[in-house]
Amino acid sequence: MTMDLWAITKRVAFYALVLFIVVVAVFPFYYAILTSFKSGTDLFRVSYWPTSFSLDNYAAVLNVGDFPRNVLNSIFVASVTVLLALFLAVTASFALSRVRFRGRGLILMTILAVSMFPQIAVLAGLFEVIRFLGIYNTPWALIFSYTIFTLPFTVWVLTTFMRDLPIEIEEAAIVDGATPWVIITRVFMPLMWPALVTTGLLAFIGAWNEFLFALTFTSSNATRTVPVAIALLSGGTQHEIPWGAIMAASVIVTVPLVILVLVFQRKIISGLTAGGVKG
Amino acid sequence: MAHIELKNIKKSFGLVDVIKGVDLEIFSGEFMVFVGPSGCGKSTLLRLMAGLEDITSGEMTFDGTLVNALAPSKRGIAMVFQSYALYPHMTVYENMAFGMELAKSSKEAIKERVEKAAELLQITPYLARLPKQLSGGQRQRVAIGRAIVRDPKVFLFDEPLSNLDAALRVATRLEIAKLHHQMNSSTMVYVTHDQVEAMTLADRICVLRDGLVEQVGTPLELYENPQSLFVAGFIGSPKMNFLNGEIASKFGANTIGVRSEHIEIADREGAWKGKVVHSESLGSDSYVYVDIGVGGDPVIVRQEGTHLHQPDAAISIAPIPGKVYRFDKAGKPVRN
Amino acid sequence: MTAEATAGTVVRTQPQIQSELMKSRVAAAMWFLVPMLVALAIVAGWPLLRTIYFSLTNTSLNNLYGGDFVGFKNYLSWTTLKSGRTVFSGLLVDPAWWNAVGNTLRFAVISVTLETVIGMIVALVLNAEFKGRGIVRAAILIPWAIPTIVSAKMWSWMLNDQFGIINDLFLNLGIISQKVAWTATADTAMTAVLIVDIWKTTPFMALLILAGLQMVPKDVYEAAKIDGVHPVKVFFKVTLPLVRPAVMVAVIFRLLDAMRIFDLIYVLTPNSKATKTMSVISRENLFDFDKFAYGSAQSTLLFLMIAVMTGLYIWLGKVRFDGGDR
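Residue numbers (my numbering), protein chains in the order written: chain A, 632 to 910; chain B, 206 to 541; chain C, 99 to 424.
These are calculated hints, taken from the structure and not from any lab test.
There may be inaccurate statements among the hints.
Result set (DSBU-like, lysine-lysine): computed pairs, CA atoms no more than 30 Å apart in a straight line [claimed, not checked]: (1) A/Lys-641 - C/Lys-389; (2) B/Lys-444 - B/Lys-480; (3) B/Lys-383 - A/Lys-898; (4) B/Lys-225 - C/Lys-121; (5) A/Lys-641 - C/Lys-323; (6) B/Lys-383 - B/Lys-316; (7) A/Lys-641 - C/Lys-335; (8) B/Lys-309 - C/Lys-229; (9) A/Lys-641 - C/Lys-121; (10) C/Lys-323 - B/Lys-279; (11) B/Lys-321 - B/Lys-358.
Next comes chain A alone, as it looks inside the complex (with noise of 0.2 Å):
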């Protein structure tokens, strides 16, 4: 008898700690949507179950201001990026992962280096560079900057997985004739979009996600993305915060975000552990 009340102690114990962790993680996200469709008074009144529903926020940041414009400039920004990554990077990692030759370690070794960058390092030389290239303030300032986190990732990542390849596919391709690039396009890329999807997708939420060189390199409203916007997004007045047109603007940028990340839950978590374990 007092071995079963032992277990039950344990049993409930251990559900409550899975619930603890579950309301922890997910209670912002749910309190943002909440606070989202209040208006007006009611945003003000502390309340831990839907009250009232009003669509005012979502009205006011879709409608004043630019917001619409900086989600736009976000998807065209982080697609551009991660497109150019992905390109670099499969023909990269055919190469990395491979072909013998000399070096190869080293440049290795020199891409793991650049992705532990500090941001920050680079911001006064990538600032004047893009003033130089007379591209300050245009969404191409970001697509350039954001390859130095995107590219690294990618070529991590696509670089370990095209070592997995089997070599005797790569090898009958090649008594068959074909050259490297026809064995990256019709051999290698058929066989790795789950790959590259993956890294794709984790690539566009860095991207999607950054901050201070979208701080940096943009400086009018209509030219910022989200993140950026967000930060920004301003009252009437200095001392008043838009609360509630804030939630609403977050719970429209992350309610993609997190479907995306829900349906390919266990792409994303190999894809994550693929860069971070075995790198």
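Dock chains B and C against the given chain A, drawing on the hints supplied.
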């Protein structure tokens, strides 16, 4: 159709010498089998012929042309891999057509050749399927079909049967033998560690050991006239019985070898007396394991038909005169 | 005889006969690598060199090419007054900088430690088999998926002194007796930053540790269970040593990441001296205070610190790799 010559071929990976100087001639239309224990370099030698590895030194010619540096696709070879190496995302048809497509052949020519090869291998019904929808044996046939479509001068097989189960292995072995007869203008080089495959398929066998050629000859030559202890032990099943010491010196040798089928159960002059360790009957023939009290492995004796021997029963066995192989200390045959 | 001997040595020392295949593959590899290397050189190598150069000049934001070379003056310089007293100035004697260094290190050490411990607990929970495990795993991915800026805003709303739900909850539970201005008070600002960072980053840590845990063969646990070893002992004697390599990699990645933290602090506790980190203070000098060269010097120092840590990691990692090869 190609006449292949290897002259003092060497291959090292870093400081490890894998092929240590191989001289070999493979005649046009011949079925040559490389056989040897794992690590003897037989697969490396095949990959050197394919051009998938660089030759460290020596000369390799196909029909008199030096091919040392020639790309695999320009050598007129086709290769069948151990793991089949089919392109998983392409249908059987696309798999077989890929090489010709890259060579920019016309659609009609590709279609004609793929269909012909598919018919030959009886895989026509599967042309639209993906490799993962096929059985192991079917996949291997597709791999062979892909090789045929390339219409090569030389077929290279790298242990193509080792991933198949026993029954399928025998059936596919027959297919390959048939293929050789149908395409007798093609030279075929086949790597295996299984001496039964070597004996049944080969026109000639090349036994490799430690990166060097141990002996080259027809299966019967190797069986009847092994030029070393190693070849004698490697060719033939069950393994040849080897005896040292006093028994061997009576024959004027350091080691003598007798095949199990060349030992009789007989009590005559010079017979070896011992006792039965174990006996097996396979129906068509039986094997008796006999301990003749000289240490080492028991002597295996083959008898036709079904015979059972009680363990520990006394038995006396004798080699058939003239069928005893004699070897000196260096493992070379003793000649008089 | 001599000719043969020479030929022999030539074969030994020279690279192998290069076949068409190998040549074309190496050539292709070079073509494939050049665009990536050029890209990295333009976005990382060159800007880094320029930043370091700027730190040795008196360049200003409005006149990027008008700076003069001043040596290490931004880092340290001194003048001797008439009275004979030497006055030092520059980054190395700047209390604001050392305050930022202290904040950064404190943040990095505390956040990574807590994230590792909590991440380990969450990973152990997820490694157990129970109903609804998939839901829990999905739930903990949510903080990871939310952009840092958004989580900073969400939490600053929750931590709001007047209308925040945290104050409301803590008051109701009796944990605090009056409302706390979490992000604005110097005493609690760092705590607020830590809470948000731990909330956001622990899932990543937990998933990495979980991957390590799942590589531990199940029969190890079963053997321990049959031997009657206490679960706590199993954890410290079996599980922990087996997952330590995976955890160490994750910890180092996170440490390097935490050292460069910027966005969370910029949004959650702007202008708070108690949380200003190296990245924040550098950017302030670079773009807000018109001390471009001085800010460059600060970013250069941060880079050097991280470079030393990375070098140490790669070096130690290699040692461990060789040791593990036995």
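Consistency of the hints with the structure:
Restraint check: the Cα-Cα separation between A/Lys-641 and C/Lys-389 comes to about 59 Å, which exceeds 30 Å; the hinted pair is violated. Our distance criterion of 30 Å between C-alpha atoms is met by B/Lys-444 and B/Lys-480, whose separation comes to about 20 Å. Restraint check for B/Lys-383 and A/Lys-898: the C-alpha separation of about 47 Å exceeds 30 Å, so the hint is violated. Pair hint B/Lys-225 plus C/Lys-121 holds up; C-alpha atoms about 24 Å apart against a cutoff of 30 Å.
At roughly 18 Å between alpha-carbon atoms, A/Lys-641 and C/Lys-323 fall within 30 Å of each other, so this suggested pair holds. At roughly 24 Å between alpha-carbon atoms, B/Lys-383 and B/Lys-316 fall within 30 Å of each other, so this suggested pair holds. Proximity of A/Lys-641 to C/Lys-335 is assessed by CA-CA distance (about 22 Å); at most 30 Å being required, the pair is judged to hold. The suggested pairing of B/Lys-309 with C/Lys-229 is violated, with an alpha-carbon distance near 58 Å, which exceeds 30 Å.
Between A/Lys-641 and C/Lys-121, the direct Cα distance comes to roughly 65 Å. Violation of the 30 Å bound is thereby established for this hinted pair. The suggested pairing of C/Lys-323 with B/Lys-279 is violated, with an alpha-carbon distance near 62 Å, which exceeds 30 Å. A C-alpha spacing of about 18 Å is found between B/Lys-321 and B/Lys-358, which places the hinted pair at or below 30 Å, so the restraint holds.
Checked against the numbered hints listed earlier, the structure breaks hints 1, 3, 8, 9, 10; every other hint is satisfied.
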